[in-house]
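A.B. asks: From first to last, the protein sequence lines stand for chains L and G. Residue numbers for the first sequence follow our numbering, so the first one is 48 and each next one is one higher. Residue numbers for the second sequence follow our numbering, so the first one is 38 and each next one is one higher.
Treat the hints with caution; some may be incorrect.
Partner residues aside, some chain L positions facing chain G, computed with beta carbon under 7 Å [what the hints assert, rightly or not]:
| hint | residue |
| --- | --- |
| 1 | Glu113 |
| 2 | Ala236 |
| 3 | Ala238 |
| 4 | Tyr248 |
| 5 | Gln250 |
| 6 | Pro251 |
| 7 | Ala262 |
| 8 | His266 |
| 9 | Gly267 |
| 10 | Pro383 |
| 11 | Met384 |
| 12 | Lys386 |
| 13 | Phe389 |
| 14 | Gly423 |
| 15 | Val424 |
Because the hints were derived from the structure by calculation, they are not lab data. Small disclaimer: the values here were computed from a predicted structure and weren't measured. Glycine included, every Cβ here is placed at the ideal spot set by N, Cα and C.
Chain by chain, the residues run as shown.
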Amino acid sequence: MANLIQLETLPAQGLFPGQDALSWIFQIIFTLLFIVFVFYGQRIQMYIMVREIEGSLLRLKFIRDEGRKIAIETIKEIGKPETDPAERVDQFLEYVTIPPESMDPAGVVWKLEHILDVRETRFKDEVKLMAPAADETNINNLENTLEAASALNIIYKVIRHFYILGKKTLSLYIIMQIQMILPLIMREAEAYASALKAFSYGQPIGDGAGALVAARLMHGHKKKKVEKDCVVAKVPLEGRTAYVIKAEGPGGNVGKPGEAIKRVVDENNGKITTIIMIDAALKLEGEKPGEVAEGVGAAIGGPGTEQYKIEESILKYKIPINAVIIKEDIGDAVSPMRKEIFEGTEVAVERVKRVIKEKTKEGDTVIVAGIGNSIGVGQ
Amino acid sequence: MSAEIEKPERKFSSIVLIVIIVVLALSLTSLYQAYELFLMDDPTMGYYLLIGFIGLILSTYMLLQTRRRVQKFTLETKPVTTTIICPNCDFKEVRNYERGDYILKEIGPCTKCEGTKMISAIYREIQEKRKEEKVFT
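All chains, please: the whole structure from these sequences, using the hints.
C.D. replies: Structure below.
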């Protein structure tokens, strides 16, 4: 009997509601929503993603346009051009660099280096034409400013490409892959936006931490210019002779520290007890900016050509190589130097001295190379 | 180099706007209905009140979402300070960064002693927005 009562009341609690009008309304809404989500769920999801990308794209466009404007204003202010540099700046932002073919990888390092040299010369010539009144330091800063603006232009165009392609093809997967990496791309774009202002003003950036350590060590000693765009100073340090190398500042410049180290090693016929390289390194989330760590290996970023040269040199003479790194995130690396990173350089100087004391003996010769962009850092 | 403000065009669909307005109107009607039923002491008043509030929250949220897209963008300029010291005495001066400043730049004779003033530091100080996770340190 009890089971019978339950069966009689079952339809009213299931698919069909009771006599109440409100229950019917709720049931119809629920059923409609169910059908809509079954057939259009993916489409709705895609529209939400597209909206998110659209919002970020608007922000990217703003940053890109702002970058272009800052570059043009800085060129006008520093370079005093006779004509409006806007057209040339627009052309500069569209420059492409085609990497060498690597199907046969033998010698690809030198090919890449050559391409990068040509690119740099071309960029410098362009900047000189755009800003005839700028001195060497300002030319380097302007070149860096334009490169940051160019990077922002590329980021914007790539995201726009995938956004339009996704909308055209209505492919969830194209939209999804760009939406998933969007937070990281936005972080990078914001970092370049900070870099633009730092470069246009000539402020030291986080990436210059290594160069700042070298600058502190070589300050007050005689410097010699070495190829390319680097300076070297012979510094008595803890009873040893240290060849301290950094990119020439205070203009925005990373130089060719690999070339400089190779030269110093060759000049000393390989009689170098150890090489210590100091560079800014990307920190992991959770690590504090400005933290200093030690290790071994060539602490240098970039396209790899300089690292290759250093590794070739140390291998030839079997020279031990030590690394001191100052941790920071991508945003800190290209924006004006944070106080924590600045303080980290002071710690790094002491670490370098400690490594020299522990790994070498008095009378030895060592190389200390501070890697990074020397913008806003003298010597 | 002041932070510029962009005025992006209104890109949201007018259909979406109509839907929001209709939902808003229906929600308000439902709330009024709830009020009428309350006066009549009808227990179904609660359902109308619920529907009204849900509709009101949803439409307000959607309206805010569309407004968020026409918000103004800015590029933050971070304040950078320059520290000037005299290596020979205790002279120290901290001021805002000026174009042409660079670390280790000598900027003239010291006002306190015979030494030469130089820029010892250029950096920006930032306040951490969120507290670091203490558990995973």
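A.B. asks: For each hint, tell me whether it holds in the structure or not.
C.D. replies: Hint-by-hint comparison with the structure:
Given hint, Glu113 of chain L at the interface with chain G, holds; its Cβ is 5 Å from that chain's nearest Cβ, closer than 7 Å. Interface hint status for Ala236 of chain L: violated, as the beta-carbon distance to the closest one in chain G is roughly 11 Å, over 7 Å. For the restraint placing Ala238 of chain L at the interface with chain G, the shortest Cβ-Cβ distance is roughly 12 Å, beyond the 7 Å limit, so the hint is violated. With a least beta-carbon distance of about 6 Å to chain G, the hint placing Tyr248 of chain L at the interface is held under the 7 Å criterion.
Annotation: Gln250 of chain L was flagged as interfacial toward chain G, and the flag holds, the nearest CB pair being 6 Å apart, inside 7 Å. Using the Cβ-Cβ criterion of 7 Å, the hint placing Pro251 of chain L at the interface with chain G is satisfied: the shortest such distance is roughly 5 Å. For Ala262 of chain L, the suggested interface contact is upheld, since its CB lies about 6 Å from the closest CB of chain G, less than 7 Å. With its C-beta approaching chain G no nearer than about 6 Å, His266 of chain L sits inside the 7 Å limit, and its interface hint holds.
Annotation: interface hint on Gly267 of chain L violated; nearest CB of chain G at approximately 9 Å, more than 7 Å. The beta carbon of Pro383 of chain L comes within 5 Å of a beta carbon in chain G, closer than 7 Å, and the hint placing it at the interface holds. A distance limit of 7 Å between C-beta atoms decides the matter here; for Met384 of chain L the minimum to chain G is near 5 Å, and the interface restraint holds. A distance limit of 7 Å between C-beta atoms decides the matter here; for Lys386 of chain L the minimum to chain G is near 5 Å, and the interface restraint holds.
A hinted interface residue such as Phe389 of chain L counts as satisfied when its beta carbon comes closer than 7 Å to some beta carbon of chain G; here the least separation is about 4 Å, so the hint holds. The interface hint given for Gly423 of chain L is met, as the beta carbon of that residue sits about 5 Å from the closest beta carbon of chain G, less than 7 Å. Because the beta carbon of Val424 of chain L sits about 5 Å from the nearest beta carbon in chain G, less than 7 Å, this interface hint is met.
In summary, the numbered hints that this structure violates are 2, 3 and 9.
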